[in-house]
Amino acid sequence: MANLLWLQGGACSGNTMSFLNAEEPSACDLVTDFGINVLWHPSLGLELGDNLKKLLNALTSGQMPLDIFVFEGTVVNAPNGTGEWNRFAGRAMRDWVSDLCKVANFVVAVGDCATWGGIPATAPNPSESQGLQFLKRDQGGFLGKDYKSKAGLPVINIPGCPAHPDWITQIVVAVATGRAGDLTLDEFQRPKTFFTSFTQTGCTRNMHFAYKVSATEFGQRKGCLFYDLGCRGPMTHSPCNRVLWNRQSSKTRAGMPCMGCTEPEFPFFDLAPGTVFKTQTVMGVPKDMPSGVDKTGYIKLTAAAKAASPRWAEEDIFVV
Amino acid sequence: MNNEQQHALLRKMAQLMKSGLETQTEPFPETEKEFAAILDELRKLDANDVEAKMVISGFVDHPYGPDRQRCMECMYYLVHREWCDLPELAVPVDADWWCRLWRI
Ligand code: SF4
Ligand code: SF4
Ligand code: SF4
Numbered sequence: 001m002a003n004l005l006w007l008q009g010g011a012c013s014g015n016t017m018s019f020l021n022a023e024e025p026s027a028c029d030l031v032t033d034f035g036i037n038v039l040w041h042p043s044l045g046l047e048l049g050d051n052l053k054k055l056l057n058a059l060t061s062g063q064m065p066l067d068i069f070v071f072e073g074t075v076v077n078a079p080n081g082t083g084e085w086n087r088f089a090g091r092a093m094r095d096w097v098s099d100l101c102k103v104a105n106f107v108v109a110v111g112d113c114a115t116w117g118g119i120p121a122t123a124p125n126p127s128e129s130q131g132l133q134f135l136k137r138d139q140g141g142f143l144g145k146d147y148k149s150k151a152g153l154p155v156i157n158i159p160g161c162p163a164h165p166d167w168i169t170q171i172v173v174a175v176a177t178g179r180a181g182d183l184t185l186d187e188f189q190r191p192k193t194f195f196t197s198f199t200q201t202g203c204t205r206n207m208h209f210a211y212k213v214s215a216t217e218f219g220q221r222k223g224c225l226f227y228d229l230g231c232r233g234p235m236t237h238s239p240c241n242r243v244l245w246n247r248q249s250s251k252t253r254a255g256m257p258c259m260g261c262t263e264p265e266f267p268f269f270d271l272a273p274g275t276v277f278k279t280q281t282v283m284g285v286p287k288d289m290p291s292g293v294d295k296t297g298y299i300k301l302t303a304a305a306k307a308a309s310p311r312w313a314e315e316d317i318f319v320v
Numbered sequence: 321m322n323n324e325q326q327h328a329l330l331r332k333m334a335q336l337m338k339s340g341l342e343t344q345t346e347p348f349p350e351t352e353k354e355f356a357a358i359l360d361e362l363r364k365l366d367a368n369d370v371e372a373k374m375v376i377s378g379f380v381d382h383p384y385g386p387d388r389q390r391c392m393e394c395m396y397y398l399v400h401r402e403w404c405d406l407p408e409l410a411v412p413v414d415a416d417w418w419c420r421l422w423r424i
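Residue numbers (this note's numbering), protein chains in the order written: chain Y, 1 to 320; chain B, 321 to 424.
Because the hints were derived from the structure by calculation, they are not lab data.
If you're wondering where the values come from, they're calculated on a predicted model, not measured in any experiment.
Watch out, some of these pointers could steer you wrong.
[Stated by the list, open to error] Computed list of lysine-lysine pairs in DSSO-like fashion (alpha-carbon distance at most 30 Å, straight line): (1) Y:Lys278 x B:Lys338; (2) Y:Lys192 x Y:Lys53; (3) Y:Lys287 x B:Lys364; (4) Y:Lys287 x Y:Lys300.
[Claimed, not checked] So the derived label-pair ranges between C-beta atoms look like this: (5) B:Thr351 x Y:Arg242: 33 to 43 Å; (6) B:Arg401 x Y:Arg242: 26 to 36 Å; (7) B:His382 x Y:Pro124: 43 to 53 Å; (8) Y:Asp288 x B:Leu329: 35 to 45 Å; (9) Y:Arg179 x B:Gly385: 50 to 60 Å; (10) Y:Phe277 x B:Pro383: 50 to 60 Å; (11) Y:Asp182 x B:Pro407: 42 to 52 Å; (12) Y:Leu244 x B:Glu354: 50 to 60 Å; (13) B:Glu402 x Y:Ser197: 50 to 60 Å; (14) Y:Lys300 x B:His382: 12 to 22 Å; (15) B:Thr351 x Y:Ala151: 44 to 54 Å.
[What the hints assert, rightly or not] Footprint (simulated), chain Y over chain B, 3 or more residues, beta carbon under 8 Å: (16) 321–329; (17) 372–380.
Ideal Cβ placement from N, Cα and C applies to all residues, glycine included.
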């Protein structure tokens, strides 16, 4: 039995909703097949009031072991570093987080808010939000860059807005079944098994990317969403086209550009009209190139790709 | 538009440029916002008013600028259809033409 506690700071509950939709394995499988004892969760926990406080105190005092602490949402520090804007069970949530992270064997940050600060930490960040161990791209965050949980690992970051449900449950199972040692983390503490490849890996529009055929509207059944609609698939680390959503689709398969939600800078756009879902260009050349490609290479590549493009690249080839 | 109509329109556009149609090649939209402003102007036009489309988007019948930009490398150019797939333009084009909505 592994004790799991899930708390939520500054968040929209999106990761909770995502988690409850998990299929491989499902949230129920965690309990029935993998021996995870969900002590409390904001949508599933039964204890209220004093009983919840008792449970939390038992954990922070070490009276009850805490194997996995899952945190969703930002650590809210406002006003003036007190955290009083986000109170929970009688005290600032940030104080519970601080105490629980001292006793937890593993700490898992779920979703962009808990990992990098996400939307709440976007400037001007009135809630003084931080991610658990990052603030955007800067390591440190609420717990500081040297933080390690009792098992010797830093916070395991599962980003996404929201994170895919199966990324959450599969990592929780790995930790709960003693296979945390198999997890390797990238420089942003994301499990490499999910976050080494790009959103573009497995995208059904890859041939359109190669032959530079652009989709010009949402939902169009041909063309790549990079050239016009701001798809961040070539520079976003996520398995969205390998571990499909609802087992069958992904944003790009449905004709919606990837917004790069697993990267620390999300949301990228300045949110002014005309900047969202538009590839930002400078003199007609994309501001953000696919990872590892420069401007000269890109122009040469385009000329070659256009010259070689087969007739079918211009047809609607999506038949589902 | 069938093939014949498309070719006729292409010839008409070539002729307009040859006979000196003045188009707004400058300023080249530096940012996405400026690009969008030109698209807005195009949207106000009658979709069949090809001459006005050519003027606002700054058509020329040869590669343009130091980078020798041309439709061939532009992401809206459909090679096999010899067609500009930018919804606001949607006209036949030659690979060696250019307009200021060029983007790669
Ligand atoms: S739609 Fe996006 S992810 Fe798919 S090929 Fe194009 S750029 Fe890549
Ligand atoms: S496709 Fe992109 S924006 Fe959508 S969930 Fe995946 S990484 Fe996030
Ligand atoms: S947008 Fe302009 S440069 Fe690009 S294909 Fe159309 S006409 Fe040519």
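Going through the hints against the structure:
no., hint, verdict
1, Y:Lys278 x B:Lys338, "34 Å, violated"
2, Y:Lys192 x Y:Lys53, "36 Å, violated"
3, Y:Lys287 x B:Lys364, "28 Å, holds"
4, Y:Lys287 x Y:Lys300, "17 Å, holds"
5, B:Thr351 x Y:Arg242: 33 to 43 Å, "34 Å, holds"
6, B:Arg401 x Y:Arg242: 26 to 36 Å, "33 Å, holds"
7, B:His382 x Y:Pro124: 43 to 53 Å, "49 Å, holds"
8, Y:Asp288 x B:Leu329: 35 to 45 Å, "36 Å, holds"
9, Y:Arg179 x B:Gly385: 50 to 60 Å, "57 Å, holds"
10, Y:Phe277 x B:Pro383: 50 to 60 Å, "30 Å, violated"
11, Y:Asp182 x B:Pro407: 42 to 52 Å, "49 Å, holds"
12, Y:Leu244 x B:Glu354: 50 to 60 Å, "38 Å, violated"
13, B:Glu402 x Y:Ser197: 50 to 60 Å, "37 Å, violated"
14, Y:Lys300 x B:His382: 12 to 22 Å, "21 Å, holds"
15, B:Thr351 x Y:Ala151: 44 to 54 Å, "49 Å, holds"
16, 321–329, "violated (count 0)"
17, 372–380, "violated (count 0)"
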